[in-house]
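Asks: Taken in order, these protein sequences are the chains called U and G.
Numbered according to full-length UniProt numbering, the first sequence spans residues 1 to 92.
Numbered according to full-length UniProt numbering, the second sequence spans residues 1 to 86.
These aren't lab readings, by the way, just hints derived from the structure by calculation.
Bear in mind that the values here come from a model prediction, so they are computed numbers and not experimental data.
Careful, some of the hints might be misleading.
Across the chosen pairs, the derived CB separations fall in these ranges [to be verified]:
1) G:Glu28 with U:His19: 33 to 41 Å
2) U:His19 with G:Gln72: 17 to 25 Å
3) U:Glu8 with G:Leu23: 18 to 26 Å
4) G:Ser73 with U:Glu21: 16 to 24 Å
5) U:Arg46 with G:Met84: 31 to 39 Å
6) G:Lys43 with U:Met1: 17 to 25 Å
7) G:Phe60 with U:Ala67: 16 to 24 Å
8) G:Val38 with U:Glu5: 31 to 39 Å
Think about it this way: if two alpha-carbon atoms lie no more than 30 Å apart in a straight line, the pair counts; the simulated DSBU-like pairs of lysine-lysine are [to be verified]:
9) U:Lys45 with G:Lys2
10) G:Lys2 with U:Lys4
11) G:Lys21 with U:Lys71
12) G:Lys43 with G:Lys2
13) U:Lys71 with U:Lys14
14) U:Lys16 with G:Lys43
15) U:Lys14 with G:Lys43
16) U:Lys63 with G:Lys2
Glycine included, each C-beta is placed from N, C-alpha and C at the ideal position.
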Amino acid sequence: MVTKEQVEASLTSKLKPIHLEVNDISGGCGSSFEVEVVSEQFEGKRLLERHRMVNAALEEEMKEIHALSIKKAQTPQQWKPSQDSATQAKDA
Amino acid sequence: MKGTRDFPMCGFSNTVVQILKNLNVPFEVVNILENEMVRQGLKEFSSWPTFPQLYIGGEFFGGCDITLEAFQSGELQEVVERAMCS
Chain U
1 MVTKEQVEAS
11 LTSKLKPIHL
21 EVNDISGGCG
31 SSFEVEVVSE
41 QFEGKRLLER
51 HRMVNAALEE
61 EMKEIHALSI
71 KKAQTPQQWK
81 PSQDSATQAK
91 DA
Chain G
1 MKGTRDFPMC
11 GFSNTVVQIL
21 KNLNVPFEVV
31 NILENEMVRQ
41 GLKEFSSWPT
51 FPQLYIGGEF
61 FGGCDITLEA
71 FQSGELQEVV
81 ERAMCS
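From just these sequences and the hints, can you work out the full model?
Replies: Now the structure itself:
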């Protein structure tokens with residue numbers, strides 16, 4: 001079984017994210033995860049390439065993971081504005 | 001994808017089908033649950049570990065998350081239109 005911690009560790013060591021959020025949405029069986037990754041390494045890369053990087057970082061885990069939803073794969077510059085708008089949306 | 005256009009067998013596949021139906025564009029589906037060889041082969045061919053996998057004009061576009069994000073930003077509509085014109 002793949003744990004949230006394993007997913008976090010692999011993503012952290014390979015993508016060096018400045019923001020990382022991993023949620024186990026499998027209800028405890030460790031086969032579905034939702035991730036948000038913000039990393040300098042995404043700079044200059046299209047979304048498809050960024051997702052490929054996340055998939056590659058989790059190559060071992062993917063053998064056991066049934067579903068991986070990449071909610072965010074952003075650069076630090078992109079991440080900040082959307083964080084602000086998210087707070088505004090909540091306030092509104 | 002998993003299932004067919006009328007009976008998707010997974011939420012992610014369903015999302016992509018609904019988006020394509022919403023765009024009102026012609027599309028074909030391959031149910032990978034019916035053929036294990038196609039299922040494994042496609043993962044390798046696309047270098048993509050999960051399904052659904054969307055191809056537009058013969059080119060791999062992405063999985064469910066990418067398709068949804070591109071749909072919301074309007075990029076998907078552009079890519080589809082370009083593919084239909086060529």
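Asks: Indicate, hint by hint, whether the structure satisfies it.
Replies: The hints, checked one at a time:
For the pair G:Glu28 and U:His19, the supplied restraint of 33 to 41 Å holds, since their beta-carbon distance comes to about 39 Å. Between U:His19 and G:Gln72 the C-beta distance comes to about 21 Å, which sits within the given range of 17 to 25 Å. Take U:Glu8 and G:Leu23: their Cβ atoms lie about 36 Å apart, and the range 18 to 26 Å is violated. For the pair G:Ser73 and U:Glu21, the supplied restraint of 16 to 24 Å holds, since their beta-carbon distance comes to about 21 Å.
Between U:Arg46 and G:Met84, the C-beta spacing of about 21 Å breaks the proposed range 31 to 39 Å. In this structure the supplied range 17 to 25 Å holds for G:Lys43 paired with U:Met1, their Cβ-Cβ distance being about 21 Å. For G:Phe60 and U:Ala67, the Cβ-Cβ distance of about 19 Å falls inside the hinted range of 16 to 24 Å, so the restraint holds. Checking the proposed 31 to 39 Å range against G:Val38 and U:Glu5 shows it holds: the Cβ atoms sit about 34 Å from each other.
Distance hint between U:Lys45 and G:Lys2 is fulfilled; the C-alpha atoms sit about 29 Å from each other, no more than 30 Å. Proximity of G:Lys2 to U:Lys4 is assessed by CA-CA distance (about 26 Å); at most 30 Å being required, the pair is judged to hold. Note on G:Lys21 and U:Lys71: the hinted pairing holds, with a Cα-Cα distance of about 23 Å set against a maximum of 30 Å. Among the hinted pairs, G:Lys43 with G:Lys2 is consistent with the structure: their alpha-carbon atoms are about 13 Å apart, no more than 30 Å.
Using a Cα cut-off of 30 Å, the hinted pair U:Lys71 and U:Lys14 holds, with the two alpha carbons roughly 18 Å apart. The suggested pairing of U:Lys16 with G:Lys43 holds, with an alpha-carbon distance near 26 Å, which does not exceed 30 Å. About 22 Å separates the Cα atoms of U:Lys14 and G:Lys43, which keeps this hinted pair within 30 Å; it holds. Our distance criterion of 30 Å between C-alpha atoms is met by U:Lys63 and G:Lys2, whose separation comes to about 18 Å.
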